[in-house]
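K.L.:
Since chain C is already given, all that's left is putting chain E on it; use the hints.
Sequences listed follow chains C and E, in order.
The first sequence begins at 1 in the numbering used here and counts up one residue at a time.
The second sequence begins at 1 in the numbering used here and counts up one residue at a time.
Note that these hints are calculated values from the structure, not bench results.
Treat identical chains as interchangeable: a pair holds within one or across any two.
With a straight-line cut-off of 25 Å between C-alpha atoms, the simulated DMTMM-like cross-links for lysine to aspartate or glutamate are:
#	residue 1	residue 2
1	263	144
2	263	284
3	133	109
4	133	114
2 protein chains.
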Amino acid sequence: MNELLKYRRVVLLVDRLATPFLAKTAISMLRYRPDDIAAVLDTEQAGTTAEVLFGVGGKIPVVATLRDVDADALFIGIAPPGGMLPEHFRPFVEQALSVGIDVVSGLHDFLSNDPALTLLAKTHSAKILDVRKNPFRQTATGGDIAPDCLRVHSVGQDCSVGKMVATLEIQRELCRRGEDASFLATGQTGIMVSGKGLPIDCMVADFVNGAAERLVTESQDHEILLIEGQGSISHPSFSAVTVGLLHGCAPDGLVFCYEMGRKFVKGLDNIPLLPIGQMMDAYERTASLRHPCRIIGIAINSRNASAEEATEERDRVGKEFGLPACDVYRDGASALADAVVALKRELKS
Amino acid sequence: MNELLKYRRVVLLVDRLATPFLAKTAISMLRYRPDDIAAVLDTEQAGTTAEVLFGVGGKIPVVATLRDVDADALFIGIAPPGGMLPEHFRPFVEQALSVGIDVVSGLHDFLSNDPALTLLAKTHSAKILDVRKNPFRQTATGGDIAPDCLRVHSVGQDCSVGKMVATLEIQRELCRRGEDASFLATGQTGIMVSGKGLPIDCMVADFVNGAAERLVTESQDHEILLIEGQGSISHPSFSAVTVGLLHGCAPDGLVFCYEMGRKFVKGLDNIPLLPIGQMMDAYERTASLRHPCRIIGIAINSRNASAEEATEERDRVGKEFGLPACDVYRDGASALADAVVALKRELKS
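Looking at chain C on its own, in the form it has when it is part of the complex (with noise of 0.2 Å):
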């Protein structure tokens, strides 16, 4: 998935779906990969830029047609629960495919898979690259995993609360101080915004934790591997998920992931969320029948509270816990990238 990163000119498209939960491929696409970006399409909200929008990517601008923009690929840029293409987003696609433009696609509805869309692409030498469409197919064998390579893996409360994020500004912060610190994307987003990894939650079931395993097998000549995490491990949806990954990459040390005032689980708003002390404890048992492992650090997603109400939280949980705790935006990941480094010295002690 290297081939991603060629593009320099990308379309995040979000028509009409424009919302932080929906969009969070195009927001960090936006955030991590800015240079790269052309336009925003989202008919609704053209005319307006990208940091209006979303918060994030300046004056990147947002269009209604792909025709107001010289650009080299099309981003689906929503991650919908259950992957389908919006109908409505198809004439975009279309259109894209029709003036040999490549559409990027993370949904598990493979646009390849689409005889019209395929036919088209060939028509006009344009590509479609689905993310997530992966011919892995191996189970985990518990073995062969380095044991002087650190893996570190962010966990969470619930979905969309910024593990990736979290993930992505500890390895950053770590590069920052000269460590061999690797990135590993295990969901589309991060695999669009890395160029590599593997999207975990479409493997077939029984390689989930195969797949997680080798992630970390190919990528131990590093020092350290910060390992994105996914779902949760109490979310009725996706816990599969979770688990699988949590075993197949057997991780030394957990960064534990919330939301700040989030009450009920994402997308499942009947079913309260779990208290974030079960949570951890969960996360810890559980991790630990695979490989022995412990919570270093929490990050904080208070982007719905004030900065006097997110700098009261992160220091009552951090005393609560007895964790560094920190919000990677207002506050940095030095905290955190502190607690890796510091379990990376207890364990070669």
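P.N.:
Using the frame of chain C, we list chain E on its own:
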């Protein structure tokens, strides 16, 4: 998959792989559909009987070629880890199709995706049924489960400890008592035996929980559901499947299954099994993240123990954990059926 039950002269293909671990599909077909089996196909052991080969199936012959049998279907009788068709099975599959005999497979490696086999089938009006091929694509909702439908799920210390057998035997015992109890198959063998179910281990990972939930919501006209388990919560390769199933079917009670004397994870002989007390605790805690749940009984597989050893183990373990315990083959499933009925009464009161 009800069409699987129409076959009445089945040949079970196990050629040169007739071990209890690999051939569990064949063994279960012999046990639960003996009247529908015409022969076992194994070139190494041809001339003997199923009873001699597997300890079940009475005088059903073991043959070296399909030509010796008036068959209406060839079932792939093995369930190898990874789920690929052994190279030397292919000529038997081709032979069956070329004389118009349907082929039923539970492999991950879908025979119906093989153009040569598909052409052969079409030419000779034979069918290829891939039991694991499934278009199911829905995430779990976390709701819609009727509280008055009791759900009991079998879980295990490891793979291949007899979860399916324990589940089937409890269901049969409950039906003998006049209870309205249904068996829900979650693996290829259970589906071949019962003619229905969903192959949980080959779902796309995001839909594992959803498939388990669907199994339950489609069968809530029964008073009691006995849901076959898969893998184990600590299995390095398969815990994703196990936990997705555990959360998707949201059981009220669990039957814990293990095999006496087993020390290492099946197929990963360098990895020790965890103590059964720790495993039961892990299952109860993890299941209860979704829905209040506890272990109600223990099914012991004592196939490699003497009668005296089995009785000693049963009494010791039952006392240690304060739970009904039995080997369903040696002792019948009465003690476990009692536990199910007691839980049903408790939850109704």
